Amino acid sequence: QSALTQPASVSGSPGQSITTSCTGVSSDVDGYNYVSWFQQHPGKAPKLIIYDVSKRPSGVSDRFSGSKSGNTASLTISGLQAEDEADYYCSSYTSSGGWLFGGGTKLTVL
Amino acid sequence: EVQLVQSGAEVKKPGESLRISCEGSGYYFNNYWISWVRQMPGKGLEWVGTIDPTDSYTKYSPSFQHHVTISADKSISTVYLQWGSLKASDTAMYFCARHFSESDYPDYWGQGTLVTVSS
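Chains as they are written, first to last, in the numbering used here: chain A, 1 to 110; chain B, 1 to 119.
So here's chain B without its partners, still in its complex pose (with noise of 0.2 Å):
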């Protein structure tokens, strides 16, 4: 079975650091592609950058470009999202999803990460 399978609920100061991650099982994890998208509260899905964990190919929304960094450790299946510097407009529940190219559509998606930033 497919899984992708995300790190738990995080809260957070501004300024401080963050990583949050996504594994994948029940497949061959170097075939298929990860992308972030994220979903502000109460809004819509936004894409946020992909991987292609052969090789770290990384692409980002020239929305977040800048802000995060895209990472994957392909000897655990594991692809990560991270922050230097977290913003309160940060807020907001992540999801990775994977796709078999970076144009293809994403067949399965994790359950999400919650990500608070607050003082």
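Same shape as in the complex, but just chain A (with noise of 0.2 Å):
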């Protein structure tokens, strides 16, 4: 199976709002609303941020949402600040069981 696919790089000024997207097939994003994201900080473990497509975990800033469409997941992050630079990753459950990531994406807060 291919990783999602998602832009290798977004950016954005503080307090700025950016979307980036997740793409994936039938068989995971198109198919099951188990789409989840993770923020990673460098040398950091990966924190879930998005949960079940567009739930956010107990605790995580409500600056942080989720959506699908498809075959395509999307992360929004609303009054970008400078902690939020990270890589995120999105995924999926798939079909065939088991986790699907995507590439990553870098975010950096210009």
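Hints may be right or wrong, so weigh each one.
Claimed, not checked - Now the stretches of chain A that chain B is said to cover, found in silico as 3 or more residues with beta-carbon under 8 Å:
{"#": "1", "stretch": "27-38"}
{"#": "2", "stretch": "49-57"}
Said to hold, decoys possible - Straight-line alpha carbon distances no greater than 30 Å define the calculated DSS-like cross-link-like pairs of lysine-lysine that follow:
{"#": "3", "chain 1": "A", "residue 1": "K44", "chain 2": "B", "residue 2": "K13"}
{"#": "4", "chain 1": "A", "residue 1": "K106", "chain 2": "B", "residue 2": "K43"}
{"#": "5", "chain 1": "A", "residue 1": "K68", "chain 2": "A", "residue 2": "K55"}
{"#": "6", "chain 1": "A", "residue 1": "K68", "chain 2": "A", "residue 2": "K44"}
{"#": "7", "chain 1": "B", "residue 1": "K87", "chain 2": "B", "residue 2": "K13"}
{"#": "8", "chain 1": "A", "residue 1": "K47", "chain 2": "A", "residue 2": "K106"}
{"#": "9", "chain 1": "B", "residue 1": "K12", "chain 2": "B", "residue 2": "K74"}
{"#": "10", "chain 1": "A", "residue 1": "K47", "chain 2": "B", "residue 2": "K87"}
{"#": "11", "chain 1": "A", "residue 1": "K68", "chain 2": "A", "residue 2": "K47"}
{"#": "12", "chain 1": "B", "residue 1": "K74", "chain 2": "B", "residue 2": "K59"}
{"#": "13", "chain 1": "A", "residue 1": "K55", "chain 2": "B", "residue 2": "K59"}
{"#": "14", "chain 1": "A", "residue 1": "K106", "chain 2": "A", "residue 2": "K44"}
{"#": "15", "chain 1": "B", "residue 1": "K59", "chain 2": "B", "residue 2": "K12"}
{"#": "16", "chain 1": "B", "residue 1": "K12", "chain 2": "A", "residue 2": "K44"}
{"#": "17", "chain 1": "B", "residue 1": "K87", "chain 2": "B", "residue 2": "K12"}
{"#": "18", "chain 1": "A", "residue 1": "K44", "chain 2": "B", "residue 2": "K87"}
{"#": "19", "chain 1": "B", "residue 1": "K74", "chain 2": "A", "residue 2": "K47"}
{"#": "20", "chain 1": "B", "residue 1": "K43", "chain 2": "B", "residue 2": "K13"}
{"#": "21", "chain 1": "A", "residue 1": "K44", "chain 2": "A", "residue 2": "K55"}
{"#": "22", "chain 1": "B", "residue 1": "K74", "chain 2": "A", "residue 2": "K44"}
{"#": "23", "chain 1": "A", "residue 1": "K106", "chain 2": "A", "residue 2": "K55"}
{"#": "24", "chain 1": "B", "residue 1": "K12", "chain 2": "B", "residue 2": "K43"}
{"#": "25", "chain 1": "A", "residue 1": "K47", "chain 2": "B", "residue 2": "K59"}
{"#": "26", "chain 1": "A", "residue 1": "K106", "chain 2": "A", "residue 2": "K68"}
{"#": "27", "chain 1": "B", "residue 1": "K87", "chain 2": "B", "residue 2": "K43"}
{"#": "28", "chain 1": "A", "residue 1": "K55", "chain 2": "B", "residue 2": "K43"}
{"#": "29", "chain 1": "B", "residue 1": "K43", "chain 2": "B", "residue 2": "K59"}
{"#": "30", "chain 1": "B", "residue 1": "K59", "chain 2": "B", "residue 2": "K13"}
{"#": "31", "chain 1": "B", "residue 1": "K43", "chain 2": "A", "residue 2": "K44"}
{"#": "32", "chain 1": "A", "residue 1": "K47", "chain 2": "B", "residue 2": "K43"}
{"#": "33", "chain 1": "B", "residue 1": "K87", "chain 2": "B", "residue 2": "K59"}
{"#": "34", "chain 1": "B", "residue 1": "K59", "chain 2": "A", "residue 2": "K68"}
{"#": "35", "chain 1": "B", "residue 1": "K87", "chain 2": "A", "residue 2": "K106"}
{"#": "36", "chain 1": "B", "residue 1": "K59", "chain 2": "A", "residue 2": "K44"}
{"#": "37", "chain 1": "B", "residue 1": "K43", "chain 2": "A", "residue 2": "K68"}
{"#": "38", "chain 1": "A", "residue 1": "K47", "chain 2": "B", "residue 2": "K12"}
Because the hints were derived from the structure by calculation, they are not lab data. Quick caveat: nothing in here was measured; it's all calculated off a predicted structure. The beta-carbon is built from N, C-alpha and C at its ideal position, and this holds for glycine as well.
These two chains come separately, so use the hints to put the complex back together.
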């Protein structure tokens, strides 16, 4: 299975909003509402920020939101802050069992 | 407090065997599956495989099947990832993560174990 497709990089200025995408196929993103998003700072473990397409875990800022249309999921971060600069990964459950991750998107806060 | 605590960094030679561990605490261990995720240097996340500690049912990514083994000892709330014969290409950070069911999202992650394989 190929990785889910994410743009390599995205950038925005403090206070702005950014949206980044995650594209799969019918056997993963399009087939299930089991898309998650993770934030990873350098040298740290990934942190869950969105699950089941659009739900936020307790303690995660409401500046993070998720959505899905067909085979493409999206993560939006509003009111960008310097601490949001990190790598962001999407993942989806797949029809063959297990998870498939995206290649990751590096967010730069200008 | 939920914690997944992984064993320390390892340096091995090609062909050697290795077992790394992930110990869960702060929750009922048998209620959650544990998956392993690889991150090669400077690269993205890759799902390795998963285990249900209740009955040790395992499922592997085709990319890792036959090269690694995942096992569990629920008496000590610990899951293992092991290699019988390491390759240089196994050099990576390995994370464990818990999830409520096979299809569920990973809500807590271990701190990672760095495995370096070099002659």
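Tested hints:
1. A stretch counts as covered by a chain when three or more of its residues have a beta carbon under 8 Å from one of that chain; for the stretch 27-38 of chain A and chain B the count is 4, and the coverage holds.
2. Counting residues of the stretch 49-57 of chain A whose beta-carbon sits less than 8 Å from any beta-carbon of chain B gives 3, enough to reach three: the coverage restraint holds.
3. At roughly 26 Å between alpha-carbon atoms, K44 of chain A and K13 of chain B fall within 30 Å of each other, so this suggested pair holds.
4. In summary, the hint linking K106 of chain A to K43 of chain B is supported, as the alpha carbons are separated by about 11 Å, within the 30 Å threshold.
5. Straight-line distance between C-alpha atoms of K68 of chain A and K55 of chain A comes to about 12 Å, which keeps the hinted pair within the 30 Å bound.
6. As the CA atoms of K68 of chain A and K44 of chain A are separated by approximately 27 Å, the hinted pair is consistent with the 30 Å bound.
7. Distance hint between K87 of chain B and K13 of chain B is fulfilled; the C-alpha atoms sit about 8 Å from each other, no more than 30 Å.
8. Restraint check: the Cα-Cα separation between K47 of chain A and K106 of chain A comes to about 15 Å, which is no more than 30 Å; the hinted pair holds.
9. Proximity of K12 of chain B to K74 of chain B is assessed by CA-CA distance (about 27 Å); at most 30 Å being required, the pair is judged to hold.
10. Restraint check for K47 of chain A and K87 of chain B: the C-alpha separation of about 29 Å stays at or below 30 Å, so the hint holds.
11. In summary, the hint linking K68 of chain A to K47 of chain A is supported, as the alpha carbons are separated by about 20 Å, within the 30 Å threshold.
12. Distance check on the hinted pair: K74 of chain B and K59 of chain B sit about 18 Å apart at the alpha-carbon level, within 30 Å; holds.
13. At most 30 Å may separate the alpha-carbon atoms for a hinted pair to count; K55 of chain A and K59 of chain B meet this at roughly 26 Å.
14. In summary, the hint linking K106 of chain A to K44 of chain A is supported, as the alpha carbons are separated by about 14 Å, within the 30 Å threshold.
15. With a C-alpha separation of about 26 Å, the suggested pairing of K59 of chain B with K12 of chain B holds against the 30 Å cut-off.
16. A hinted pair counts as satisfied when its Cα atoms are at most 30 Å apart, and K12 of chain B with K44 of chain A qualifies at roughly 23 Å.
17. Taking the CA atoms of K87 of chain B and K12 of chain B, the gap is near 9 Å; set against the 30 Å cutoff, the hint holds.
18. Restraint check for K44 of chain A and K87 of chain B: satisfied, since their Cα atoms lie roughly 25 Å apart, inside the 30 Å limit.
19. A distance of roughly 25 Å separates the Cα atoms of K74 of chain B and K47 of chain A; the hinted pair therefore holds under the 30 Å criterion.
20. At most 30 Å may separate the alpha-carbon atoms for a hinted pair to count; K43 of chain B and K13 of chain B meet this at roughly 22 Å.
21. This hinted pair checks out: K44 of chain A and K55 of chain A have alpha carbons roughly 23 Å apart, not beyond 30 Å.
22. This hinted pair checks out: K74 of chain B and K44 of chain A have alpha carbons roughly 27 Å apart, not beyond 30 Å.
23. Between the alpha carbons of K106 of chain A and K55 of chain A the distance comes to roughly 22 Å, so the proposed pair stays at or under 30 Å and holds.
24. The hinted pair formed by K12 of chain B and K43 of chain B meets the criterion: a straight-line CA distance of about 21 Å does not exceed 30 Å.
25. As the CA atoms of K47 of chain A and K59 of chain B are separated by approximately 23 Å, the hinted pair is consistent with the 30 Å bound.
26. Using a Cα cut-off of 30 Å, the hinted pair K106 of chain A and K68 of chain A holds, with the two alpha carbons roughly 20 Å apart.
27. Of the supplied pair hints, the one linking K87 of chain B and K43 of chain B holds, its CA atoms being roughly 18 Å apart against a limit of 30 Å.
28. Of the supplied pair hints, the one linking K55 of chain A and K43 of chain B holds, its CA atoms being roughly 27 Å apart against a limit of 30 Å.
29. For a cut-off of 30 Å, the pair hint linking K43 of chain B to K59 of chain B stands: about 23 Å separates their Cα positions.
30. Using a Cα cut-off of 30 Å, the hinted pair K59 of chain B and K13 of chain B holds, with the two alpha carbons roughly 27 Å apart.
31. Straight-line distance between C-alpha atoms of K43 of chain B and K44 of chain A comes to about 14 Å, which keeps the hinted pair within the 30 Å bound.
32. For the hint linking K47 of chain A to K43 of chain B, the alpha-carbon distance of about 17 Å falls within 30 Å, and the restraint holds.
33. At most 30 Å may separate the alpha-carbon atoms for a hinted pair to count; K87 of chain B and K59 of chain B meet this at roughly 22 Å.
34. Taking the CA atoms of K59 of chain B and K68 of chain A, the gap is near 27 Å; set against the 30 Å cutoff, the hint holds.
35. This hinted pair checks out: K87 of chain B and K106 of chain A have alpha carbons roughly 29 Å apart, not beyond 30 Å.
36. Straight-line distance between C-alpha atoms of K59 of chain B and K44 of chain A comes to about 26 Å, which keeps the hinted pair within the 30 Å bound.
37. Restraint check for K43 of chain B and K68 of chain A: the C-alpha separation of about 25 Å stays at or below 30 Å, so the hint holds.
38. For the proposed pair K47 of chain A and K12 of chain B, the alpha carbon gap of about 29 Å is at most 30 Å, so the pair holds.
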